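Q: Sequence:
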Amino acid sequence: MEPGYTMEDIAPIAVLMDELRSEDVQLRLNAIHSIPTIALALGPDRARDELVPFLQDSVDDEDEVLLALAKELGRNFEEYIGGKQFAHVLLGPLENLSAVEETLVRDKAAESIAKIAEVLSTPQIEEFYIPLLKRLSQGEWFTSRTSSAALYPPVYTKVSWSIQEDLRKGFAALGADDTPMVRRAAAKWLGPFVKNLSKQHVLSDGLPIYRRLQSDDQDSVRLLTVEDLIVIAKQLTPPEVKEQLLKQIRHSIADKSWRVRYMAATHFNELAEAVGTELVREELIGQYVQLLKDNEAEVRTAAAGQIPGFSKLLEKEVILARIVPCVRDLSHDASQHVRAALANHISGLAPLLGRDATIEHLLPLFLHLLKDEFPEVRLNVISKLETVNGVIDIELLSDSLLPAIIELAEDKSWRVRQAIIEYIPLLATQLGKPFFDEQLGNLCMSWLGDTVFSIRESATINLKKLTEVFGVDWAKVQIVPKVMGMGQHPNYLYRMTTVQAITTIAPSLNLAIVQAEIIGPLLQLAEDPIPNIRFNVAKSLEILATTYGNTTEGRDFVCQSIAPVLERQKTDSDADVRYFAARALQKASADMLG
1 MEPGYTMEDI APIAVLMDEL RSEDVQLRLN AIHSIPTIAL ALGPDRARDE
51 LVPFLQDSVD DEDEVLLALA KELGRNFEEY IGGKQFAHVL LGPLENLSAV
101 EETLVRDKAA ESIAKIAEVL STPQIEEFYI PLLKRLSQGE WFTSRTSSAA
151 LYPPVYTKVS WSIQEDLRKG FAALGADDTP MVRRAAAKWL GPFVKNLSKQ
201 HVLSDGLPIY RRLQSDDQDS VRLLTVEDLI VIAKQLTPPE VKEQLLKQIR
251 HSIADKSWRV RYMAATHFNE LAEAVGTELV REELIGQYVQ LLKDNEAEVR
301 TAAAGQIPGF SKLLEKEVIL ARIVPCVRDL SHDASQHVRA ALANHISGLA
351 PLLGRDATIE HLLPLFLHLL KDEFPEVRLN VISKLETVNG VIDIELLSDS
401 LLPAIIELAE DKSWRVRQAI IEYIPLLATQ LGKPFFDEQL GNLCMSWLGD
451 TVFSIRESAT INLKKLTEVF GVDWAKVQIV PKVMGMGQHP NYLYRMTTVQ
501 AITTIAPSLN LAIVQAEIIG PLLQLAEDPI PNIRFNVAKS LEILATTYGN
551 TTEGRDFVCQ SIAPVLERQK TDSDADVRYF AARALQKASA DMLG
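Reminder that position 11 of the sequence shown reads as 11 in the numbering used here, one-by-one numbering, no gaps.
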C-alpha cells in the first residue's frame, strides 16, 4: 500500500477494479452504475487522477457494459470530478467509446460528448475538444469517423473564425468519405450543423455538401438529406430556394428509390412551409399529386397523412381541382393502409372546404369509408368526426354511422371493440341524448357482458364518461337500473362487472342515487359466495365512503350503511376480503376525521 493512503482510501477503487474484471456481466454492469457513488467516495481529485484514467484503460468487450459507461459519463459526471473546469477530463474515455464497433455505444458516447461540450469554455474546447474531433474525423476506422459527425454542431458557434473554417472543411470531408456509413452520418447531422452557419457559409459550404449527399449512389444516404433540405430552405429566401434548391427538390420527390420518396412524403408539409407560397403554387402542388399517385403504397400512405396540412397552404378552388380528385382515388385504393391513413386525415379538409363543398365532395367519401371492409378504416373515420361535425350536421352521416358502429362493436378482434368503446363518449356529445338512447344505449350495456376483461373494464369507464356527458339524472334512468340488474345474474362475471361498474361510476353520481338505487343491491353482494366478489365489494364501499363521507349526511350514510358491513367482512373466512375490509374501514374513518 502506498504511503499516505489508508485502507478506506484504496477500497472503493479496488472494489470497482475487481467487479469490472468479473466474468459476470451483471456484476460489471452494477459496477458501472455505481461509478458516481465511487467518485463521491474518492473525492474530486482522486476521481480525476485515478478513476477516470482507470475507466479510460479498461474498455470492456461487452456492449451492454460500454453503453452503461457512455450513459453514466454524460449524466453531469463533471460534478464528481471538480466541476466544469475539469469536464474535459471525461473526453478521454468517451473518445475510446466513440470508436467501438457497436452503433448504440458510439451514438451514446457522441451524445455524452455533446452534453459535455455544453459546459466547456472556449479555451477548453479549443485545447481538448477540437483535437479529439480531428482525431475521430481522420480515424483509420470508419467507426470513429461516423461518430465524429455528431460532434461538429455542438461547438461550431463557440470557437474562433479560423477553427470554424477547419470545421466546415472537416464536415465536407465526411460528406465525401468513401464509406457509406460515414456519409450517412454526415447526412444525418448536416441539418443541425447548417443551422449554426451564417447565410454566406450556408451557400458556400452547406449547399455543396448537401448537393453531394443528395446525389449519393446509396439511397440510405439520400433519404436522410430530405430533412437537410428543409433546414437549408428555411435559411434561404424563396427566390434563393428556387434558384439553389429546385432541382434537388424535384430529384428527392421523384427519386428512383421509394424510401427516399417516402421520406419526402413524410416531411412534405415542413418542406412546403419552408419554401414559401409561390413555389408551393408553381411547383409543389404537382409534386404532391405525384406522391399521392405513387406506385408504392407506403409512399401514398405517408402522402395521405399530409393532406390537411398541405391543403391549408392552398386556395379552396385549388384543393377542389387538384387534391380532392386524388382523395377520391385514395378512398378506393387497393391498400387498406392507404385507406386507413386517408380516413384518419380526410376530415381535416372539411373546415377548409366549408359546408356546401364538404357535402358535395367529401360526404360521399365519408359514407364510402364507413362501409370499408377493414375495421381500422371505419374506426379512423369515426374517431375524427368531431372535425366534420363543426362543418356539417352529423345527422347527414348517421344512417351510415350506426351500422358501422354496430359492426365494429361486434368485431371479432377485441382491440377493435375496445377502440370503438373509447370513441362512444365523443359520439354521444355530437349525436345528442335522444339519438344515443334510441340507437346506442343497449349497445353500451352489452359490452358489460363481453367475454374479454379489458372490454368490460372499458365499458364501465365509458358509462362514467357518458354520465359526465349527459348528467346524473340521465344515468339514474338509463344506466343505474341496468347495471344493478346484472348483480342478480347467475354467472359470477356479470355480478363482478356490477361491482366494478359501481366502483367506477359512483364518484360521478350523487348521494341520493347511491342511497336509493345502489347501496341495497351492493350490500347483498357483500354476502356473495364468491370471495372475489366480496373483496371487490369492500373496495367499492371504500370508494363510496371516501367519495361521500365528507358531508354530515354522507357521514351518517357511511356509519349506518357501510361501516357495519365492513366490520362483518373483517371476520370473513377469506384473507383478501378481511384485508380489503380493514383497509376500507381505515380509509373511511381517516377521511371522516379529516
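The hints are simulated quantities; they were obtained by calculation from the structure and are not laboratory data.
You may find that some hints are simply not true.
[To be verified] Label-pair restraints from in silico Cβ distances:
no., residue 1, residue 2, range
1, K134, R328, 42 to 50 Å
2, N491, K312, 51 to 59 Å
3, S198, P325, 41 to 49 Å
4, Q515, H489, 22 to 30 Å
5, E296, Q488, 53 to 61 Å
6, V15, E296, 32 to 40 Å
7, T103, V15, 27 to 35 Å
[What the hints assert, rightly or not] Derived lysine to aspartate or glutamate pairs resembling EDC-like cross-links, with alpha carbons at most 16 Å apart:
no., residue 1, residue 2
8, K134, D177
9, K242, D177
10, K234, D177
11, K371, D393
12, K412, D450
13, K465, D437
14, K256, E283
15, K195, E227
Computed from a prediction, not measured in an experiment: that's the story for all the values here.
Just so it is clear, CB atoms sit at the ideal spot from N, CA and C, and this is done for glycine as well.
Q: Each hint: holds or not?
A: These are the hints, each one checked on the structure:
1. K134 / R328: 42 to 50 Å: violated, 57 Å
2. N491 / K312: 51 to 59 Å: Since N491 and K312 have Cβ atoms about 53 Å apart, the given range 51 to 59 Å holds.
3. S198 / P325: 41 to 49 Å: holds, 44 Å
4. Q515 / H489: 22 to 30 Å: With Cβ atoms ~23 Å apart, the hint holds.
5. E296 / Q488: 53 to 61 Å: Taking Cβ atoms as reference, E296 and Q488 lie about 58 Å apart, which means the hint holds.
6. V15 / E296: 32 to 40 Å: violated, 57 Å
7. T103 / V15: 27 to 35 Å: holds, 32 Å
8. K134 / D177: The hint holds at about 15 Å.
9. K242 / D177: violated, 29 Å
10. K234 / D177: Roughly 27 Å separates the two Cα atoms, so the pair is violated.
11. K371 / D393: With a Cα-Cα distance of about 19 Å, the restraint between K371 and D393 is violated, given a limit of 16 Å.
12. K412 / D450: Between K412 and D450 the Cα gap is close to 11 Å, so the pair holds against 16 Å.
13. K465 / D437: At roughly 15 Å apart (the allowed maximum being 16 Å), D437 and K465 satisfy the hint.
14. K256 / E283: violated, 19 Å
15. K195 / E227: This hinted pair holds, its Cα atoms lying about 12 Å apart.
Comparing the model with each earlier hint shows violations of hints 1, 6, 9, 10, 11, 14; every other hint is respected.
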